[in-house]
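**Q** Okay, here's what each chain looks like letter by letter:
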Amino acid sequence: MVLCTLARRFVGPLGTIIIKCKDFRIIQLDIPGMEECLNIASSIEALSTLDSITLMYPFFYRPMFEVVEDGWHSFLPEQEFELYSSAISEWRLSYVNQEFAVCPSYPPAVTVPKAIDDDALRKVAAFRHGGRFPVLSYYHKKNGMVIMRSGQPLTGTNGRRCKEDEKLINATLRAGKRGYIIDTRPLNVAQQARAKGGGFEQEAHYPQWRRIHKSIERYHILQESLIKLVESCNDQTQNMDRWLSKLEASNWLTHIKEILTTACLAAQCLDREGASILIHGTEGTDSTLQVTSLAQIILEPRSRTIRGFEALIEREWLQAGHPFQQRCAQSAYCNSKQKWESPVFLLFLDCVWQILRQFPCSFEFNENFLIMLFEHAYASQFGTFLGNNESERCKLKLQQKTMSLWSWVNRPSELSKLTNPLFEANNLVIWPSVAPQSLQLWEGIFLRWNRSSKYLDEAYEEMVNIIEYNKQLQAKVNLLRRQLAELETEDGVQESP
Amino acid sequence: MEHIRTPKVENVRLVDRISSKKAALGTLYLTATHVIFVETAPDARKETWILHSQIATIEKQATTATGCPLLIRCKNFQLLQLVIPQERDCHDVYISLIRLARPVKYEELYCFSFNPKLDREEREQGWMLIDLSEEYKRMGLPNNYWQLSDMNREYRVCDSYPTELYVPKSATAHIIVGSSKFRSRRRFPALSYYYKDNHASICRSSQPLSGFSARCLEDEQMLQAIRKANPGSDFIYVVDTRPKLNAMANRAAGKGYENEDNYSNIKFQFIGIENIHVMRSSLQKMLEVCELKSPSMSDFLWGLENSGWLRHIKAIMDAGVFIAKAVSEEGASVLVHCSDGWDRTAQVCSVASLLLDPHYRTLKGFMVLIEKDWISFGHKFTHRYGNLDGDPREISPVIDQFLECVWQLMEQFPCAFEFNERFLIHIQHHIYSCQFGNFLCNSQKERQELKIQERTYSLWAYLWKNRADYLNPLFRADHSQTWGILHLPTAPCNFMYKFWNGMYNRFEKGLQPRQSVTDYLMAVKEETQQLEEELEALEERLEKIQKVQLDRTELRSKQSEPSKHSGFSTADGSTANTPQDYSGNVKSFPSRSPSQGDEDSALILTQDNLKSSDPDLSANSDQESGVEDLSCRSPSGGECAPSEDSGKDRDSDEAVFLTA
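As you go down the protein sequences, you meet chains U and V in turn.
The opening position of the first sequence corresponds to residue -13 in our numbering, with each subsequent residue numbered one higher.
The opening position of the second sequence corresponds to residue 235 in our numbering, with each subsequent residue numbered one higher.
Please keep in mind that the hints were generated in silico from the structure rather than gathered at the bench.
Keep in mind that a hint or two might mislead.
Subject to a maximum C-alpha distance of 27 Å in a straight line, what follows is the list of computed DSS-like cross-link-like pairs (lysine-lysine) [what the hints assert, rightly or not]:
1. V:598 / V:351
2. V:527 / U:232
3. V:732 / U:440
4. U:232 / V:732
5. V:732 / U:214
6. U:440 / V:759
7. U:403 / V:759
8. U:440 / V:559
Treat the numbers as computed from the prediction; the structure is a model and nothing was measured.
Given these sequences and hints, build the entire structure.
**A** What follows is the structure in structure tokens.
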């Protein structure tokens, strides 16, 4: 499962297998005997290219730990909605997609404006790419503004309209308020999309909304970027010059900057301008989700906690229908052009890491948490990231047949490794810098197998020790203070008669 | 001051370069020592102070409708863009600053008027804080192989060397003088560092005057003597830190490098570090990248790459690693030189010493290292850092590069250094500030003639007094990283060299991480210390009370049934000494968080202290304010208003992300 590609080589009787893993590690096995080597290689190859999901590890994995809390039920849409419901009177939970008939990539329950009934939603779905009608992604308690997401409108070349769509989008704005539609594609790409039946909202038909175009790259461009980056990180022969130009040529950090900038823009429209936002690209399953989820990291303190971040992944990535199965099938070492392969989720995690690095005390989780999520998105013994959407996961009966990643993660022994000792709840909006000087290569992911992290690990340990010792002392002092207080009052009582 | 044409200009605007925030309106003052900009906004009155000696360049730009722009670039990488309403005022300021930033004699420098209100005794003690003869003693000198030479008494042999030098015992006066005549500027081989563990040493000198074929018997004997001073090895390395081509070109001028055939048992090695001119233009190119207004990722990475800066840093580090390995692993002594032996040689010797000896990674040890390899051995501070009006071709960021090497090492070995990044940044600042006398002049001899120690104050005493600000919280004397030699990875890990944002963008707070782990941990440690003290006091009190109670209980038990309460206190008293019980308790007690009680106020207090620790540096008033760092900033970074303050800064913020 963790395998990305495999190469065989023979020198005399000694066979060598080179295994390149999805987490960018490269393992070389020297196996005496040509026959054995070939057998092992073909076995590994067969096992790593299973054609049925149900033959994958999660379906055979038997947990060796006690399940304290079943992760499949940790983040139900109803519970998430409940968190907001007191504040949201204009929104409702709709089960129009109960049978996945309206939108195959949406979950059964979605949050929509109260003023729009299910029939109207069906009509809007027909007007949006993949049936992805606008749904609530985030509600900003501070000013009641919202982030919505959807697929592109299917205006086509002759400017098709949909009254219900216009009504839905306008229904989310209070009287006299304005909103922004952030299209994650550059204008020319959005215009070209019309030829294929797609398109963008005409401002004339959505008069209260202003459209902003950004350019977040898609699919193969991101994949090529990842391949180039990992290649240059593995190159041990280069001189200083070539390292920086290769880093530049990979464009990875350019993508990071673009995604972060768009997320900051969205957060800023919401928080500073007091405007609601609709975000979409083409399908609304990739760059859209990067932006909506990062905006929440910036705006919402809860999404910077462990549980809140898990809920965010569940809501904005899994439920929202990011096609993990397609995007995270091969990782960086596959040479064959995989049409749907793309490190969209890894880019999101990298962006979170960039913010974490700038605000090291504002996140409840540490870097290891993000690395763990990266690994499990690509290869896992848990069922959480299997399938491309809720509909597929339902058909696979993952809840019955596999274990949820959250069941494993949310145990104290695991959590202790993933908790940031510096965390101090910060209820403010955190605005990261997106200047090139402030963005760095995520060494914990990309140089993980190429450099020793011994000294950095020691430093982390030292940091934990400093804080733990302080907490212990704090506890000790508090205990003694209490004891003293008790003894002294007791003393007083005894002496008073 | 006769050079100040206009002491005060009103309605000047200070342009914020990173964010598109509106420029701050204020008054510009020129004093004998500083340029001061005071904002007129009644709530802020923020002040920006710039020392004249920090000014690198002043650029008068084309007048626009709004006024006459003046760009001041500082040596500590601050960049000030002012817009002065009247062209005439701008011209006066420009002419005044040109003169003020280029003093012609030492007496004009700030350190001669700077008075930190210390009495004479304190000042003298300050100068005695760092003592090189102590340092040589610490290395284990003198010993059977090395002795203190008085050959350079009154700078008779070499005027850019110190008077006290260690040379091999077998190097006679005749050999030393002979060798000095065969070396550029008579900088003969002398000891820089002695590695006690295996007797190997690092020596330094200038290039030999070998030309194409010249020889000098005494110089050959000198190298022989260095080899003999290390009985464990039958050869020495001679490391020429220049690119081979440069060294060969020098032969035409009667200089050059050692011919292996003439010197017995030497291994000669070139390590190509470029000269001061290449380094100067490399820094220039890198700073241009930093000055770009909203650069793209590609602009930045290309610019950084094309500047070659990190490649030069790596070359210096490689040389240091080579020497440290030769000394520690091969047990061979090394003679290092470049051309004159005061730039690259100083860099390389000090990097190697730092890798080899943990002492140099402590606060005091680092001061000693700079005192030894840079100040005493005649690094030309005045020329290199342009403290006086002089040849601009002499200026080069030589010690800046060394400080960056140290920072790069700190990034690799976070627990190995007693000091933090701020320490390096403040040293860099003061190398250019001329506020203290340490870095004045080009040699020990000049400093003595100027009576620096009697007329100015020592930076080391100042830094030492404020050492709490400069400590690395992760440093622990008994940690394995603090022992022995720092081993850099042998594989070509070029990605380990990173752009030093904290230095080159240090005044662009919006580009820095918004929360400082170092400050946070220091505050925790400080609180821990207070807790330890309190714990001790509490335990003492508890013991006393328990004793009283015990006496009373005993008394009572004689009279009646034993009380249940007395049992409680002793039982609990014993848990106070078993750690496992507290870990169970940890959760029920408040951990540090801004909303909770007194431990938090302690935290904020300490960070406030940090803020005011260095008044001259925090002239830019929002710099290093720990409290603000815990909150958040606007996307553009310049605005410190917490996010509650919605709408206030909206236009500028939007512009940032829209244009980015």
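**Q** The structure should be examined with respect to each hint, and the outcome stated for every one.
**A** Going through the hints against the structure:
no.: 1; hint: V:598 / V:351; result: 23 Å, holds
no.: 2; hint: V:527 / U:232; result: 24 Å, holds
no.: 3; hint: V:732 / U:440; result: 19 Å, holds
no.: 4; hint: U:232 / V:732; result: 15 Å, holds
no.: 5; hint: V:732 / U:214; result: 20 Å, holds
no.: 6; hint: U:440 / V:759; result: 24 Å, holds
no.: 7; hint: U:403 / V:759; result: 22 Å, holds
no.: 8; hint: U:440 / V:559; result: 21 Å, holds
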